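Chains as they are written, first to last, in the working numbering: chain A, 1 to 446; chain B, 1 to 196.
Heads up, some of the hints might be wrong.
As a list, the in silico SDA-like pairs of lysine to any residue whose alpha-carbon atoms are at most 20 Å apart [unchecked claim]:
| hint | chain 1 | residue 1 | chain 2 | residue 2 |
| --- | --- | --- | --- | --- |
| 1 | A | 399 | B | 137 |
| 2 | A | 399 | B | 139 |
| 3 | A | 305 | A | 18 |
| 4 | A | 399 | B | 105 |
| 5 | A | 399 | B | 163 |
| 6 | A | 46 | B | 113 |
| 7 | B | 113 | A | 95 |
| 8 | A | 46 | B | 127 |
| 9 | A | 46 | B | 170 |
| 10 | A | 46 | B | 106 |
| 11 | A | 46 | B | 146 |
| 12 | A | 46 | B | 144 |
| 13 | A | 46 | B | 143 |
| 14 | A | 399 | B | 103 |
| 15 | B | 113 | A | 14 |
| 16 | B | 113 | B | 57 |
| 17 | A | 267 | B | 34 |
| 18 | A | 46 | B | 184 |
| 19 | B | 113 | A | 15 |
| 20 | A | 95 | A | 138 |
| 21 | A | 46 | B | 103 |
| 22 | A | 46 | B | 181 |
| 23 | A | 46 | B | 142 |
| 24 | A | 46 | B | 138 |
| 25 | A | 46 | B | 70 |
| 26 | A | 46 | B | 102 |
| 27 | A | 46 | B | 137 |
| 28 | A | 399 | B | 102 |
| 29 | A | 46 | B | 160 |
| 30 | A | 399 | B | 104 |
| 31 | B | 50 | A | 15 |
| 32 | B | 113 | A | 12 |
| 33 | A | 46 | B | 196 |
| 34 | B | 50 | A | 244 |
| 35 | A | 302 | A | 348 |
| 36 | A | 46 | B | 133 |
| 37 | A | 138 | A | 405 |
| 38 | A | 46 | B | 141 |
| 39 | B | 113 | A | 302 |
| 40 | A | 46 | B | 145 |
Think of the hints as simulated: they come from the structure by calculation, not from any bench.
These numbers were taken from a predicted model, which means no experiment stands behind them.
The residues making up each chain are set out below.
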Amino acid sequence: MEYALPLTMVVCLLLGIFSGYPVALVLGGIGVLFAFIGELPFAFLKIGVSRIYAGVIENWLLLAVPLFVFMGSMLDKSGLAQNLLYSLERALGHKRGGLAISVALLGIIMAASTGIVGASVVMLSVLALPIMLRENYKPELAVGTIAASGTLGILIPPSIMLVLVGDILQISVGELFLGAIVPGFLLGGLYIAYIIFVAITRPSDAPVPQSKPAEGSVMLALIRDLMAPLLLILTVLGSIATGTATPTEAAGLGAICAMLLAAFNRKLTFSTLSSCVRETGSTSAMILTVLVGATIFGMVFKGLKGDQMIKDAIFALDLSAYGTLGVLLLMIFILGFFLEWVEISFIVLPLFAPIVAALDFGLGLTTQQQLLWFAMLVAVNLQTSFLTPPFGYSLFYIKGVAPPEITIRMIYRGIIPFVGLQLTGLALLILMPQLVLWMPGAVFGN
Amino acid sequence: MDTQAREPELGTGPVQAMLRGIAWIGRAAAWLIVPILALVLVGVTLSAMKVGTILEWERDVFLFGSKLTLASLGDLQWHLFGIMLMLTMAGALVTNNHVRVDFIRQHMSDRLKRIVDLAGHIVFLLPLAVVVVWHGYDFTTRSFAMGEGSNYDGLYDRFVLKASIPIGFSLLLFAGLGLAFVRLRELLRGDQSEYD
């Protein structure tokens, strides 16, 4: 059996991960153990250390991760989201379904602050769920809207996930950010269309609120509250698109911008700063330690010809380019039931990248464009994995903060239509690569 | 990815004091994000103003050589980032912030969770940390012996940054040993307290 060792390695990895021990250390530990079991020379692991240095520590792009975490954490505490939801609610809330649309819009606009999915879903639940339940929205629709919109943040730029996916696939993060704009809005648009559809066909699910619309200039307040997040998004994306800043510098500017906005909102105190710093430290350690572990694992796995095993297995199916793409995406989708984007990106993507680069779709795409397109398909796929029962993390976050009468079954039932919307969006992106490629092409040229 | 993980109670004793120290180092290192932010701001401003060399002086100084350039500021950003990452890694283990796939774990008894963690520290963490400290030490001393540094007027004395790898993984090693000790003692005492 040619591939006995890498196969055992995969089995041990799965056992280790599902034991619930920290994933980063399972990855690194299995890497080291199999270097000994596979009788690789002792000096082989020395390469691992220089890979950690060159691939993680000396990798200036990855500095964008803590900077974006800091930005998101600061925005989260700046009170901007509360203000924005309040004015969205005043502007749209008295229409049928308007409250749910407000939540979806808030999810899209505040996507900048949602590098951390947990934080944004929790924030939306705490802010919007009590209001929606009070106004007699069907709980299923309310939680579905919150989970889906809160998760959109890992897709819509600036997104930490895209920084890492870009790094793994060796494609420009700037192009990836621009490529994510159309798919992000497409999904947001699908959510809103669905909410309107429900509001029309089943009016009792999304009733007109009983509370009276407030007096005063609603539009003015809305514009004022929209300014702040738009300013931030423009700072980050604008500085990348115009070439003024690299993604890392843009992340730094975004973080500073978020601090200014918090200061403007009188929320920038020492205790806010201190809790942002603490969250930045622990969240980026959490994400990047997985990368450190995956570096060791991946190196040993390749050393034992594991990458060859995956390639052989995929090509043995002898499918067309689209068939192969479908199999890869399906595998990521299934893994998404159990694992999070961090693990999937770091473990699986490096193995899939060369396979995708070699596919010929007959679309006349360059390898770079093909990887960009694939990256976006993976990103939408991973975003969906947060929502798929039974182990979608966003669903657990909602359960954690929702009132006890919201059962996990209600949440499962509520999310299913949105998973359907996600898959529709994914299918559209597969059929029309231009949805992804148009924007980066228009801004950066080919 | 639970961002609201409760920090476990550690109790008293020398091992617990060491674990608290490691967690403290992690929290302190997280503050490096503030100077990094300042450096990014200065860097972007200066490059927009097309300033390359900021300061020059006579004698060679540790890390910076004989001038402060835009490249040194850029280098300093990822130097601080690397040090921050390596020093926060072990603290995150003590405060239980690392990603776990917990859909099976949440159905385990507190005793079984302790056994899994004890086994994981011994089987996975210790070999990993020992190997990386071993090779990382070698990696750092070689860099020191070569006098490795920037060849584009950035920062010199690269061994300082490289040393963060063996230092970070030593902290991880001690954190793993300390936590294994605490778990083992709880198991031997038949500690029934809640554990996640």
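Here is what the structure says about each hint:
1. For the proposed pair residue 399 of chain A and residue 137 of chain B, the alpha carbon gap of about 46 Å is over 20 Å, so the pair is violated.
2. Using a Cα cut-off of 20 Å, the hinted pair residue 399 of chain A and residue 139 of chain B is violated, with the two alpha carbons roughly 47 Å apart.
3. Proximity of residue 305 of chain A to residue 18 of chain A is assessed by CA-CA distance (about 24 Å); at most 20 Å being required, the pair is judged violated.
4. Taking the CA atoms of residue 399 of chain A and residue 105 of chain B, the gap is near 18 Å; set against the 20 Å cutoff, the hint holds.
5. A threshold of 20 Å between alpha carbons decides the hint, and for residue 399 of chain A with residue 163 of chain B the separation of about 44 Å lies outside it, so the pair is violated.
6. The suggested pairing of residue 46 of chain A with residue 113 of chain B is violated, with an alpha-carbon distance near 33 Å, which exceeds 20 Å.
7. With a C-alpha separation of about 50 Å, the suggested pairing of residue 113 of chain B with residue 95 of chain A is violated against the 20 Å cut-off.
8. Between residue 46 of chain A and residue 127 of chain B the CA atoms are separated by roughly 14 Å; this keeps the pair inside 20 Å, and the hint holds.
9. At most 20 Å may separate the alpha-carbon atoms for a hinted pair to count; residue 46 of chain A and residue 170 of chain B meet this at roughly 16 Å.
10. Taking the CA atoms of residue 46 of chain A and residue 106 of chain B, the gap is near 37 Å; set against the 20 Å cutoff, the hint is violated.
11. With a C-alpha separation of about 17 Å, the suggested pair residue 46 of chain A and residue 146 of chain B falls inside the 20 Å cut-off, and the hint holds.
12. At roughly 17 Å between alpha-carbon atoms, residue 46 of chain A and residue 144 of chain B fall within 20 Å of each other, so this suggested pair holds.
13. Taken as a hint, the residue 46 of chain A and residue 143 of chain B pair is honoured in the structure, with Cα atoms around 14 Å apart against an allowance of 20 Å.
14. The hinted pair formed by residue 399 of chain A and residue 103 of chain B meets the criterion: a straight-line CA distance of about 14 Å does not exceed 20 Å.
15. Our distance criterion of 20 Å between C-alpha atoms is met by residue 113 of chain B and residue 14 of chain A, whose separation comes to about 17 Å.
16. This hinted pair does not check out: residue 113 of chain B and residue 57 of chain B have alpha carbons roughly 58 Å apart, beyond 20 Å.
17. The hinted pair formed by residue 267 of chain A and residue 34 of chain B meets the criterion: a straight-line CA distance of about 18 Å does not exceed 20 Å.
18. About 32 Å separates the Cα atoms of residue 46 of chain A and residue 184 of chain B, which puts this hinted pair outside 20 Å; it is violated.
19. A threshold of 20 Å between alpha carbons decides the hint, and for residue 113 of chain B with residue 15 of chain A the separation of about 15 Å falls inside it, so the pair holds.
20. A C-alpha spacing of about 16 Å is found between residue 95 of chain A and residue 138 of chain A, which places the hinted pair at or below 20 Å, so the restraint holds.
21. Distance restraint check for residue 46 of chain A and residue 103 of chain B: the Cα-Cα separation of roughly 35 Å exceeds the 20 Å cut-off, and the hinted pair is therefore not satisfied.
22. A hinted pair counts as satisfied when its Cα atoms are at most 20 Å apart, and residue 46 of chain A with residue 181 of chain B does not qualify at roughly 29 Å.
23. The straight-line distance between the Cα atoms of residue 46 of chain A and residue 142 of chain B is roughly 12 Å, inside the 20 Å bound, and the hint therefore holds.
24. Of the supplied pair hints, the one linking residue 46 of chain A and residue 138 of chain B holds, its CA atoms being roughly 9 Å apart against a limit of 20 Å.
25. Distance restraint check for residue 46 of chain A and residue 70 of chain B: the Cα-Cα separation of roughly 32 Å exceeds the 20 Å cut-off, and the hinted pair is therefore not satisfied.
26. Note on residue 46 of chain A and residue 102 of chain B: the hinted pairing is violated, with a Cα-Cα distance of about 32 Å set against a maximum of 20 Å.
27. For a cut-off of 20 Å, the pair hint linking residue 46 of chain A to residue 137 of chain B stands: about 10 Å separates their Cα positions.
28. At roughly 15 Å between alpha-carbon atoms, residue 399 of chain A and residue 102 of chain B fall within 20 Å of each other, so this suggested pair holds.
29. Restraint check: the Cα-Cα separation between residue 46 of chain A and residue 160 of chain B comes to about 18 Å, which is no more than 20 Å; the hinted pair holds.
30. For the proposed pair residue 399 of chain A and residue 104 of chain B, the alpha carbon gap of about 18 Å is at most 20 Å, so the pair holds.
31. A distance of roughly 54 Å separates the Cα atoms of residue 50 of chain B and residue 15 of chain A; the hinted pair therefore is violated under the 20 Å criterion.
32. As the CA atoms of residue 113 of chain B and residue 12 of chain A are separated by approximately 18 Å, the hinted pair is consistent with the 20 Å bound.
33. At roughly 34 Å between alpha-carbon atoms, residue 46 of chain A and residue 196 of chain B are farther apart than 20 Å, so this suggested pair is violated.
34. Between residue 50 of chain B and residue 244 of chain A, the direct Cα distance comes to roughly 12 Å. Compliance with the 20 Å bound is thereby established for this hinted pair.
35. Using a Cα cut-off of 20 Å, the hinted pair residue 302 of chain A and residue 348 of chain A holds, with the two alpha carbons roughly 12 Å apart.
36. Restraint check for residue 46 of chain A and residue 133 of chain B: satisfied, since their Cα atoms lie roughly 10 Å apart, inside the 20 Å limit.
37. At most 20 Å may separate the alpha-carbon atoms for a hinted pair to count; residue 138 of chain A and residue 405 of chain A meet this at roughly 12 Å.
38. Our distance criterion of 20 Å between C-alpha atoms is met by residue 46 of chain A and residue 141 of chain B, whose separation comes to about 13 Å.
39. Only pairs whose Cα atoms come within 20 Å are accepted, and residue 113 of chain B paired with residue 302 of chain A is rejected, the gap being roughly 32 Å.
40. Under the criterion of a C-alpha separation no larger than 20 Å, the hint pairing residue 46 of chain A with residue 145 of chain B is consistent with the structure, at around 17 Å.
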